[in-house]
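Visitor: Okay, here's what each chain looks like letter by letter:
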Amino acid sequence: MTTAAPRHGADNGASDKVGSAMRIIVHNTKCQGHARCSAQAPEIFKLDDEGYILPGDIEITAGEQLLALQGAQSCPERALEVDRTPAAQREPDSVERGPDELKSTSVNVAARWPG
Amino acid sequence: MPVSRVPDHVPREMVRDFSLFTSPGMQRTPNGDPHAAVACVHSGPPIFYSPYNTQDGLGTWVITRAADQRRVLQDAENFSSHRKLFSAALDESWPTIPLELDPPAHGVFRSLLNPLLSPKRVAELEPAVRERAVLLIDRIAASGSSCDVTKDFAFPFAVSISLRFLGLPDDRLDTFVRWGQELLHGDRPERSAAARTIVDFIDELTALRRKEPVDDFISFIVQAELEGRRLTDEEVRGIGVLVFVAGLDSVAAAIGFDLAYLARNPEDQELLRSEPERIALAAEELLRAYPPIQMLRVARKDIDFEGAPIRKGDYVSCATMIANRDPAEFECPNTVDLARENNRHAAFGYGPHRCIGSHLARREIVIALEEWLARIPAFRIKKGTSPITYGGHVFGIENLVLDWS
Chain S
299 MTTAAPRHGA DNGASDKVGS AMRIIVHNTK CQGHARCSAQ APEIFKLDDE GYILPGDIEI
359 TAGEQLLALQ GAQSCPERAL EVDRTPAAQR EPDSVERGPD ELKSTSVNVA ARWPG
Chain A
17 MPVSRVPDHV PREMVRDFSL FTSPGMQRTP NGDPHAAVAC VHSGPPIFYS PYNTQDGLGT
77 WVITRAADQR RVLQDAENFS SHRKLFSAAL DESWPTIPLE LDPPAHGVFR SLLNPLLSPK
137 RVAELEPAVR ERAVLLIDRI AASGSSCDVT KDFAFPFAVS ISLRFLGLPD DRLDTFVRWG
197 QELLHGDRPE RSAAARTIVD FIDELTALRR KEPVDDFISF IVQAELEGRR LTDEEVRGIG
257 VLVFVAGLDS VAAAIGFDLA YLARNPEDQE LLRSEPERIA LAAEELLRAY PPIQMLRVAR
317 KDIDFEGAPI RKGDYVSCAT MIANRDPAEF ECPNTVDLAR ENNRHAAFGY GPHRCIGSHL
377 ARREIVIALE EWLARIPAFR IKKGTSPITY GGHVFGIENL VLDWS
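Residue numbers (the numbering used here), protein chains in the order written: chain S, 299 to 413; chain A, 17 to 421.
So, partial list: chain A residues that the calculated Cβ filter (under 8 Å) puts toward chain S:
| hint | residue |
| --- | --- |
| 1 | S127 |
| 2 | N130 |
| 3 | S134 |
| 4 | P135 |
| 5 | R360 |
| 6 | Y366 |
| 7 | G367 |
| 8 | S374 |
Computed spacing ranges between beta-carbons, pair by pair:
| hint | chain 1 | residue 1 | chain 2 | residue 2 | range |
| --- | --- | --- | --- | --- | --- |
| 9 | S | Q387 | A | D33 | 54 to 60 Å |
| 10 | A | E140 | S | T327 | 25 to 31 Å |
| 11 | S | E389 | A | R396 | 55 to 61 Å |
| 12 | A | L297 | S | T383 | 27 to 33 Å |
| 13 | A | K399 | S | E348 | 47 to 53 Å |
| 14 | S | T383 | A | E291 | 37 to 43 Å |
| 15 | S | T327 | A | R245 | 23 to 29 Å |
| 16 | S | V380 | A | E283 | 33 to 39 Å |
| 17 | S | E379 | A | D320 | 26 to 32 Å |
| 18 | S | L352 | A | A158 | 45 to 51 Å |
In silico DSS-like links for lysine-lysine, alpha-carbon gap of 25 Å or less:
| hint | chain 1 | residue 1 | chain 2 | residue 2 |
| --- | --- | --- | --- | --- |
| 19 | S | K328 | A | K317 |
| 20 | A | K100 | A | K328 |
| 21 | A | K136 | S | K328 |
| 22 | A | K167 | A | K399 |
| 23 | A | K167 | A | K398 |
| 24 | A | K317 | A | K328 |
| 25 | S | K344 | A | K136 |
| 26 | S | K344 | S | K328 |
| 27 | A | K317 | A | K100 |
Hints in this document: simulated from the structure, not taken from any laboratory. As the structure is a computational prediction, the values presented were derived from the model and not from experiment. Even for Gly, the Cβ is constructed at its ideal location relative to N, Cα and C.
Isolated chain S (complex conformation) (with noise of 0.2 Å):
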C-alpha cells in the first residue's frame, strides 16, 4: 500500500469523523496524464514535470471533499479511487493498531499515514 503525501500539516485530518473521512487512492500505472483533477482542484492534486500525478494517495480535509470529489470524479482513466473508509478502520501498513485504536471515530491522519 503506498502512503499519503504530506501534503498538510500534523493536523491535517484531525476532525474526521466517522462517515467524513476520504481519501484519494492514486493508481499512478492508470494516469495518462490528462491532467482533469489538477484543473478542478489544483491544490489537492498536483503534478510532476511531465504533468502526471505525483504518487502517494491523498488525505482530504473536511472543507476540500467536495473540490477532491469533483477531481477524482473527472478522471477520463479512472486512475482516482475515493475512499471513504476512516483511517482506522483501513487495512494497516506502517503502524501497529490495537483493537481499540480501530474502533476510534477520532483519528490523526497525518500520524498514521507518514509521508
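Got chain S; can you put chain A on it based on the hints?
Guide: For chain A alone, coordinates are given in the frame of chain S:
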C-alpha cells in the same frame, strides 16, 4: 456492401454497413452533422465489423461503447498503435513518434516530449496564444460583418500556434494547411505526394537545425539525449512529422464545429458571451459533442472481445465521436448541455497515447471562444450559405460563413 473485403474469421452477422468514410453524412454534406450521424451505432451491438473504415478502404472492428474503448486504448499489450499510417502512404514503414510506438519504447519518447506540452508549459504559452487570437479577430471585426470563420480564423489561429511551437514562421501557413488537407482528405496519389513533401520538408529542417541549432522544437529534438545517445534521423523525422501534421487540422476543425454550434444556438451563444466564466466548462462539452479524431489500433494477438473474434493483425477503431455519444456513459448524449459536469469525454483518447497536445488544444479552444465572443456580436450562419461537413479519419467543416450584420 463489398463482402469480399471481409476476412474469413469475421462472422457475417457481425458485419455492418457502417463507415466513418462512406456512411450517410460522412462525405461532403451541406449543413451536415456527422457527429450526430455516427451516434446511430448505439442502437446496435457494442462491437461490429466495418468492411471499409480507413483511408485506404481497409476493414476495421468498430468499438462503440466508451468503456470498451477505454479497455482497448489502455491495453497496449494486446492493441498496438504501430500502424505506420503516415509512412504507409509512401510505402515505407517507419513510425511516427511517439504515436506509433508501443510501450516501453513509447514511454522514453513521451517523457522527452511531455514537459514541452505540460499544463505548466501551456500556461506559459497562453499570452502568445491569446495575442494571436485577438490580432486575427480584431482584423476580421474591422473589415466587415461577415467572414468564412474556418478560413479566416480557425485555421490561421490554430496552425500559427502550432508553427510557433515548432519554430516556423507564418508566411507559408496556407501551403502547410494545404499539405495537411491533401494528406488527410486527398486520394491516394495526393496523399503520397503530400506525405513526401512533408517528409522532405522536415528532413531539410532537421539538417539545418543539426548544422545550426536555434531556440526551437526541432533544435531541441536534434540536441536531446535519450538513454545516453542522440536521436537517429529516422526518430527525429518520426517526431517532427507527427508534431507538424497534428497541428495542421484537428484544433481548427474543433473550433469550426464549436462556432457552427454557437451560430445555430443563439441562446447558448449569448449565455457564453454574457457569462464568459462558463466557457471553460462549455468547451469540454463541445469537445465531447464534436471531437474530430478516430483512434486506430492493431491487434497484437488473437483476442475474443465481447463475443467478437478479433484476430492478430485486425484493425480496431475507437472513434472518439462514437464513445462520446454513448448513452451508457453520458446522459442524453445527443443533447449539448454546456453546463454538463463530470464530463469524462474521449476527445483526446484514453491510455498511454492520450493526445500529447491536449493541454495546448484545450487552451486554444477556450481562448478562441473567449476572444471571439468578446469581440464579435451575435452571429449566425449567413443566409444563403451552407457549411460543408465531412467525416473520415479527422472530421471537418468548411465554408462556415458567419454573419453579424
